[in-house]
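In case you want the letters, here they are:
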Amino acid sequence: MSIEVNGKTYETDEEGYLANLNDWTPEVGAAMAAADDCELTDAHWEVINFLREYYEEYQIAPAVRVLTKAIGKKLGKDKGNSKYLYQLFPYGPAKQACKYAGLPKPTGCV
Amino acid sequence: MSEENDGKKFMFVNRRAPYGTIYAQESLEVVLIAAALEQDVSLLFIDDGVFQLTKGQNTEGVGMKNFSPAYAALGDYDVSKLYVEKESLEERGLTLDDLQHLTWEDEDDDWAEKDSIRLISRDEVKKLIEEQDVLLSF
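Protein chains in written order, with the working numbering: chain A, 1 to 110; chain B, 111 to 248.
Next up, chain A with everything else stripped away, as it sits in the complex (with noise of 0.2 Å):
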């Protein structure tokens, strides 16, 4: 499977993350949410970039759980709780803004 965005075609996998973190740019993970027709706000990216920032510290995509705590240690508890994550990305936090993120699926995850 592949992606395209402003005339480059990036490849995915079979589930539609990116194949290779290195082609992600902000325009890919827009591309990536309106094609599941999600609009990203300053919310979504807060999150999208927390994660990027995890996945460059440790090298993995955190499960959902242990993104909600580090969120809510990070930005504070009325972000780092499932309602609201949920309601950003309701596919799954983890999962979803993974995806746009351009990270790989968290371990973990089915």
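Quick caveat, the hints were computed from the structure, so don't treat them as lab data.
These numbers come from a predicted model, not from an experiment.
Heads up, the beta-carbon is just placed ideally off N, CA and C, and yes, glycines get one too.
One thing to keep in mind: the hints can contain errors.
Partial chain B-side listing against chain A, Cβ under 7 Å, derived [unchecked claim]:
no., residue
1, 142
2, 183
3, 187
Keeping the supplied structure of chain A fixed, place chain B upon it in accordance with the hints.
What follows is chain B alone, placed relative to chain A:
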């Protein structure tokens, strides 16, 4: 959390060098999956497995991803028991200072930061293995 869990005790036994084979990376992957499913998970590093935890790994020459930063995420996954056999370290000329400083935060102790790596002797390894319900060897 793991102490309250009355599920099975899982121990992942790591005894090979981190690169050259895929065992170490695969082990870590399964550990993360088990931890995401909130199982009582501990890791044991013996023989060349102790090299998995060394700091300053650089894989540029071997063409494999340096996955060692992920060990530092184990605390986030509530994996707080990383047992390292003292004799294995000594036989390889290593000390605790050669390993990453890995920590976890204890929810029951006002989130105090505690060390995850516990040095144990060969005799203690035997005892520990006997206490497990499930052993997975990599």
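To see whether the hints hold, each was checked on the structure:
1. 142: Holds. Min distance 4 Å.
2. 183: At 4 Å from the nearest chain A Cβ, residue 183 of chain B passes the 7 Å test, so the hint holds.
3. 187: holds, 6 Å
No hint from the list above goes unmet by this structure.
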